[in-house]
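Novice: Numbered by the numbering used here, the letters in the sequence shown go through residues 1 to 155 in order.
Keep in mind that the hints were calculated from the coordinates and are not lab data. We treat Cβ as the ideally placed atom computed from N, Cα and C, and that holds for glycine. Take the hints with a grain of salt, since some may be wrong.
Simulated restraints, written as ranges between beta carbons of each label pair [said to hold, decoys possible]:
1) R48 / A137: 39 to 49 angstroms
2) Q138 / F70: 41 to 51 angstroms
3) G136 / P17: 33 to 43 angstroms
4) L84 / Q138: 31 to 41 angstroms
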Amino acid sequence: MGTGGARVCLLTETFAPVLGGGENQARLLAGRLVGRGVSVFVLTRRIRPDLPWEDQIDAIPVRRVGPSGFVRYGKYLMLPGAFLALVQERSRYDVLYVCGYRVLGVVAIAAGKLLGKAGTADIVDASVVALAIERGAQVLTGDPDDIRRLGRAGG
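All chains, full assembly: derive it from the sequences and hints.
Specialist: Structural data, given as structure tokens:
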């Protein structure tokens, strides 16, 4: 994992071993970031009771929050646990990347405001900033305020 570079939390409703397009995308993104020396951990829902609360998948730390089950409403029921975990894990991340922004975006924005972390509604901006920090690159943008705020949070 990374040392001294950007630290990223990937917040996603479900993650491996659950199979699906979003889960695969989050897993690939986390793996690529780790491969480039970025410190990454995943915060997700413990969709089944047989999954451990803490896990390691592809050398990526995974923390799961409850409740288990509740297929239809689980993404809503995980919001309090996700918020609490984001506060508890605040020293592990500078950039919070929300995969599947729909419901979890509310928790990410609330935690970001409470913790003084940068906030953005544009996950592309967050990805660009994380990569620029990692590579020591500059970013040319039409949205300088959002990029500047993210850059300050990421170091």
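Novice: Against each hint, give a clear statement of whether it holds in the structure.
Specialist: Verification of the hints:
1. About 41 angstroms separates the C-beta atoms of R48 and A137, a value consistent with the hinted range of 39 to 49 angstroms.
2. The hint said 41 to 51 angstroms for the Cβ distance between Q138 and F70, and at roughly 45 angstroms that hint holds.
3. For G136 and P17, the hinted distance range of 33 to 43 angstroms is satisfied, since their beta carbons lie about 36 angstroms from each other.
4. Our hint of 31 to 41 angstroms for L84 and Q138 holds, since their Cβ atoms are close to 36 angstroms apart.
In the structure shown, no violation is registered for any of the earlier numbered hints.
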